[in-house]
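Asker: Just so you know, the sequences run in chain order A and B. One point on numbering: in numbering that gives the first Met the number 0, the residue at position 333 of the first sequence is 332, and numbering is uninterrupted. One point on numbering: in numbering that gives the first Met the number 0, the residue at position 336 of the second sequence is 335, and numbering is uninterrupted.
It is possible that some hints are incorrect.
Which copy is meant is left open, because identical chains are indistinguishable; a pair holds if it fits in one copy or across any two.
The list that follows gives simulated cross-link-like pairs (lysine-lysine, BS3-like), each with its CA atoms no further than 25 Å apart [to be verified]:
id	residue 1	residue 2
1	LYS38	LYS19
2	LYS35	LYS45
3	LYS299	LYS258
4	LYS300	LYS160
5	LYS325	LYS164
6	LYS338	LYS250
7	LYS35	LYS187
8	LYS300	LYS337
9	LYS299	LYS337
10	LYS160	LYS337
11	LYS171	LYS187
12	LYS338	LYS322
13	LYS175	LYS164
14	LYS164	LYS322
15	LYS250	LYS204
No lab work stands behind these hints: they were computed from the structure.
2 protein chains.
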Amino acid sequence: MIKIVGIGPRREDMTIMAFKALEEAEVVIGYGGYTKQIKDLLEGKKVISLGMGQEVDRAELAIDYSRKGCRVVVISSGDPGVYGMANVLHQVMGKYSEIEIEVIPGVSAVNYSAALLGAPLHDFAVISLSDILTPLSEIERKIRAAVEADFVIAFYNPRSKRRTKPFQEALKILRKVRNPETSVGIVKTHENSSSVSIVSLDALKEEEVDMNTTLIVGNTFTYVDSDKMVTPRGYVLPHSTHPLACEFYEKYVSGEGNKGSNISCEYYPCHNHPQNCTFCYCPFYPCGDPSTGGRWIKEKKVWSCEGCNWIHQDDTVECIEAKLPKLLEKLEDLQDNKKELLKLRRECIYLTK
Amino acid sequence: MIKIVGIGPRREDMTIMAFKALEEAEVVIGYGGYTKQIKDLLEGKKVISLGMGQEVDRAELAIDYSRKGCRVVVISSGDPGVYGMANVLHQVMGKYSEIEIEVIPGVSAVNYSAALLGAPLHDFAVISLSDILTPLSEIERKIRAAVEADFVIAFYNPRSKRRTKPFQEALKILRKVRNPETSVGIVKTHENSSSVSIVSLDALKEEEVDMNTTLIVGNTFTYVDSDKMVTPRGYVLPHSTHPLACEFYEKYVSGEGNKGSNISCEYYPCHNHPQNCTFCYCPFYPCGDPSTGGRWIKEKKVWSCEGCNWIHQDDTVECIEAKLPKLLEKLEDLQDNKKELLKLRRECIYLTK
Chain A
0 MIKIVGIGPR REDMTIMAFK ALEEAEVVIG YGGYTKQIKD LLEGKKVISL GMGQEVDRAE
60 LAIDYSRKGC RVVVISSGDP GVYGMANVLH QVMGKYSEIE IEVIPGVSAV NYSAALLGAP
120 LHDFAVISLS DILTPLSEIE RKIRAAVEAD FVIAFYNPRS KRRTKPFQEA LKILRKVRNP
180 ETSVGIVKTH ENSSSVSIVS LDALKEEEVD MNTTLIVGNT FTYVDSDKMV TPRGYVLPHS
240 THPLACEFYE KYVSGEGNKG SNISCEYYPC HNHPQNCTFC YCPFYPCGDP STGGRWIKEK
300 KVWSCEGCNW IHQDDTVECI EAKLPKLLEK LEDLQDNKKE LLKLRRECIY LTK
Chain B
0 MIKIVGIGPR REDMTIMAFK ALEEAEVVIG YGGYTKQIKD LLEGKKVISL GMGQEVDRAE
60 LAIDYSRKGC RVVVISSGDP GVYGMANVLH QVMGKYSEIE IEVIPGVSAV NYSAALLGAP
120 LHDFAVISLS DILTPLSEIE RKIRAAVEAD FVIAFYNPRS KRRTKPFQEA LKILRKVRNP
180 ETSVGIVKTH ENSSSVSIVS LDALKEEEVD MNTTLIVGNT FTYVDSDKMV TPRGYVLPHS
240 THPLACEFYE KYVSGEGNKG SNISCEYYPC HNHPQNCTFC YCPFYPCGDP STGGRWIKEK
300 KVWSCEGCNW IHQDDTVECI EAKLPKLLEK LEDLQDNKKE LLKLRRECIY LTK
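So here's chain A without its partners, still in its complex pose (with noise of 0.2 Å):
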């Protein structure tokens, strides 16, 4: 029986599964600098180290070493699933009858530094810069797919000295489509520590980023607040609807709201001029997502549309107006329906912002 066991970013994140497939283990074979990391958990066990690029190799010895009948555990460090030593040893494998093979799960760099950063993932798209074994022009359509959509994306492995094309041709396409405030957290991990930092894609410097680097690119939505890189799914946020904007959307609802701007109002423009004043009141409020503009008041739990200018723009009244009808046909719909009214938020910032 051979294990092929995640030993994780760090020792404490790795599973009960782990360390039980190790202590049982009577051979050990990995990457030299993982071997080391577990050392004090291999005493009185055959370790085998082998070199970057000798995975093969690692995957035939296992399967010798089974094969004489020995316990032996292959190990990778987050989770062998991913970029990991389970794929080489499956597809070695298939050479010989009857080898058996468990994975245990680990922890992966996109989990890890995700819960460092915060919490920036929504759907999201895994993807490695490495075009060692991957033909770049696969790399590069990947990438173009996921930018697009606007996935949440993990790289692993971006840049080492010798391959910098693909992180250079990864910018090029994220600075092409993503706007350049989009968020990027970057996390670096050296042995047990890691260094944690969050940029905007504009000022995400190339030389900052190497092997033991994971980036977590934002989508349209990832904000920061507090030094952490948050990703809104979108979850209502209770709140009473204020008297004025009942009264607005009573308005609104009959018929009789204002289209356009409104310049005979005092407040006019109360955020910049030129703007639309379909929805003098935001039909979202409160959306809680800082991505947009506004912020809450802390502690005072007040959200702020200050910073907001989206609700103003043309293009967004327009999105907003081609399907609000069924969803706010009376005013209890901005309570009872704010589920909905805040997706077709999300479909609206994608297509305007």
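Dock chain B against the given chain A, drawing on the hints supplied.
Answerer: For chain B alone, coordinates are given in the frame of chain A:
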């Protein structure tokens, strides 16, 4: 301090850090199903179980207890950063100042399911099919992008009794673009046990999929061997070139090779008529990748191309010849340039298969 802890899919997948956080906790907040799952670890603690849909309430409660000075743990199954409690807590945190949150990552369903299936992951996309908070248009856009770019795709929350449309749409998009033979891994988890099956895309039945299912859809290269789902990464398998292949490529590199069908050959058609014989011997042998029809003759460790017609398609030959001259200038390049040759194979499979 609030710790958001991933309890993994199974008890054995829990990390040291997760155990430690639970041990130190005074108040533990979670969805009822999850607090029940770790009941034995919660003795003597204040346990607050809330239902589905009460995510914001859980977050507010956690903040409340933490401000009272309690050590609070909020639990998520799998990894809290992947459709778990990390995002909602970080969003609700925005209302308050000086809330300290730490995320303890865990093994997420994609990693756990991949481990049970074998080694199905390469570059991958994780998409939730729940349209409760995300507009269907956004989900469809992401599926389309991931399917077209040939990502391996993990679907979370694929289908509930009432929520069936997103999965139907996903199937439609998959079947329109991907080969009907594409492997799909189905992992169903119930309490502490899981059932695993692998089907082809055209045999995937809607009713087989529920909320406790994680689906992993393979890419163009994914194959099934000994009941395991494997996506090869393209490692070079050591092999000496056969003397007849040497003879063939001596001619080929000197420009004396045969082009197109070689009807005068006594073995023609060794595969199917019509066949392009330009690469009578495959320049990628042994690719060790069954996705084009080859297979290992087990224990003899001989790679058989009998079932692979791909190299004899006209479009394949055209794709390969466009780039081969640079990679194969002399016979030795068959061995020395094998990595680059296998990358060319990947490129052409995507374009022709």
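Asker: Of the hints given before, which are not true for this structure?
Answerer: Violated hints (numbers, rising): 3, 4 and 15; every other hint is consistent with the structure.
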